[in-house]
Amino acid sequence: MNLIYEPWPWYIAGPLIAFIMFLLIMVGKNFGMSSNLRTLCTICGAGTTSTFFKFDWKTQRWNLTVVLGAIIGGYIASHFLSVDTAVAINPETVSDLKALGFESAGTAYLPTEMFGFNALYNVKNLALLSIGGLLIGFGARYAGGCTSGHAISGLSNLQLPSLIAVVGFFIGGLVMIHFLFPLIF
Amino acid sequence: MRTLVYLVIGIFFGIIMFKSEAASWFRIYEMFLFKSFHMYGIIGAALGIGIIVIQLIKRFEITSFYGEKIRFTPKTKGFSRYLFGGIIFGLGWALAGACPGPMFTLLGAGFLPIIVVIGAATLGTFLYGVLKDKLPH
Numbered sequence: 116m117n118l119i120y121e122p123w124p125w126y127i128a129g130p131l132i133a134f135i136m137f138l139l140i141m142v143g144k145n146f147g148m149s150s151n152l153r154t155l156c157t158i159c160g161a162g163t164t165s166t167f168f169k170f171d172w173k174t175q176r177w178n179l180t181v182v183l184g185a186i187i188g189g190y191i192a193s194h195f196l197s198v199d200t201a202v203a204i205n206p207e208t209v210s211d212l213k214a215l216g217f218e219s220a221g222t223a224y225l226p227t228e229m230f231g232f233n234a235l236y237n238v239k240n241l242a243l244l245s246i247g248g249l250l251i252g253f254g255a256r257y258a259g260g261c262t263s264g265h266a267i268s269g270l271s272n273l274q275l276p277s278l279i280a281v282v283g284f285f286i287g288g289l290v291m292i293h294f295l296f297p298l299i300f
Numbered sequence: 003m004r005t006l007v008y009l010v011i012g013i014f015f016g017i018i019m020f021k022s023e024a025a026s027w028f029r030i031y032e033m034f035l036f037k038s039f040h041m042y043g044i045i046g047a048a049l050g051i052g053i054i055v056i057q058l059i060k061r062f063e064i065t066s067f068y069g070e071k072i073r074f075t076p077k078t079k080g081f082s083r084y085l086f087g088g089i090i091f092g093l094g095w096a097l098a099g100a101c102p103g104p105m106f107t108l109l110g111a112g113f114l115p116i117i118v119v120i121g122a123a124t125l126g127t128f129l130y131g132v133l134k135d136k137l138p139h
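Protein chains in written order, with our numbering: chain D, 116 to 300; chain B, 3 to 139.
I should point out that these hints are in silico values taken from the structure, not numbers from a laboratory.
This one's a predicted model, so the numbers in the text were calculated from it and none came from an experiment.
There could be a bad hint or two in this list.
Said to hold, decoys possible - Listed next, with one range per pair, are the computed distances between beta-carbon atoms:
| no. | chain 1 | residue 1 | chain 2 | residue 2 | range |
| --- | --- | --- | --- | --- | --- |
| 1 | B | Gly46 | D | His194 | 21 to 31 Å |
| 2 | B | Arg73 | D | Leu196 | 27 to 37 Å |
| 3 | B | Thr65 | D | Leu118 | 48 to 58 Å |
| 4 | B | Lys37 | D | Asn233 | 40 to 50 Å |
From the three backbone atoms N, C-alpha and C, an ideal C-beta is built for every residue, glycine too.
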């Protein structure tokens with residue numbers, strides 16, 4: 116039982132994610148999270164601006180319910196299923212991050228410099244979170260999916276477009292971490 | 003009833019994302035530095051099993067829990083949109099350290115600033131919808 120309170124290793128988490136995809140397929144749906152952002156736009160009335168948002172959002176209510184579950188799951192996991200949420204990253208990564216100004220590296224689940232309550236008062240940080248979010252939302256829809264839709268669902272179904280998208284994810288991620296981070300932080 | 007099923011699947015998904023640390027900014031950062039096998043193990047294992055599961059469903063024409071035929075919609079053919087969209091997504095994924103599933107899990111875990119990321123991601127999706135016809139696909 117105690118193992119549940121520890122971080123779950125990859126060989127448990129990976130198969131469980133495949134199981135989530137399997138469950139969604141078996142209830143006649145699919146595993147793809149970013150399309151919910153489009154549904155949110157439609158609910159907010161984006162249909163009057165672009166035909167891309169003109170669809171009956173109620174057909175996507177099932178996926179919004181999955182999102183609601185993901186929120187509840189985060190609450191349950193952090194409050195009831197964890198003793199220590201510090202992420203044990205590689206000591207080398209910790210010193211790299213400290214050099215960039217992330218003092219919380221190795222002692223927290225997320226960098227408190229970006230996601231702690233006080234980070235809400237830091238203008239630079241708010242700008243970074245906004246830019247990050249914009250890129251995620253724009254890129255996911257442009258590419259027609261995110262990590263769940265392409266890297267898991269699409270690749271599992273051997274889709275070439277998903278492979279191109281995943282290569283893109285990594286090009287973008289590597290450029291951000293290796294070239295842009297030293298300029299930003 | 004079906005709504006409850008989706009909710010339970012979502013809760014399960016959220017717990018896995020949090021407990022596997024796939025929702026941790028640190029893990030995403032480390033992944034792009036190739037300093038840890040963790041994230042590659044998660045994606046690789048999910049993918050390996052996923053491929054087998056989908057092949058089995060297709061081969062044995064397995065029907066859904068409700069007895070309906072399972073349809074897999076192939077992705078539309080193309081190159082530019084997948085590469086450019088993918089790169090843009092990757093830049094944001096590495097910066098904010100969260101993808102569109104885990105960002106909601108983090109909201110539930112109580113990291114308030116993630117609301118900024120969720121709001122901006124919704125706005126980014128909106129911008130795509132507006133600019134869609136002007137972009138190469």
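Hint check:
1. Gly46(B) with His194(D): 21 to 31 Å: Since Gly46(B) and His194(D) have Cβ atoms about 30 Å apart, the given range 21 to 31 Å holds.
2. Arg73(B) with Leu196(D): 27 to 37 Å: At roughly 35 Å between Cβ atoms, Leu196(D) and Arg73(B) fall inside 27 to 37 Å, so the hint holds.
3. Thr65(B) with Leu118(D): 48 to 58 Å: Given about 35 Å between the Cβ atoms, the range is violated.
4. Lys37(B) with Asn233(D): 40 to 50 Å: Distance hint for Lys37(B), Asn233(D) is violated at roughly 28 Å.
Checked against the numbered hints given earlier, the structure breaks hints 3, 4 and satisfies all the rest.
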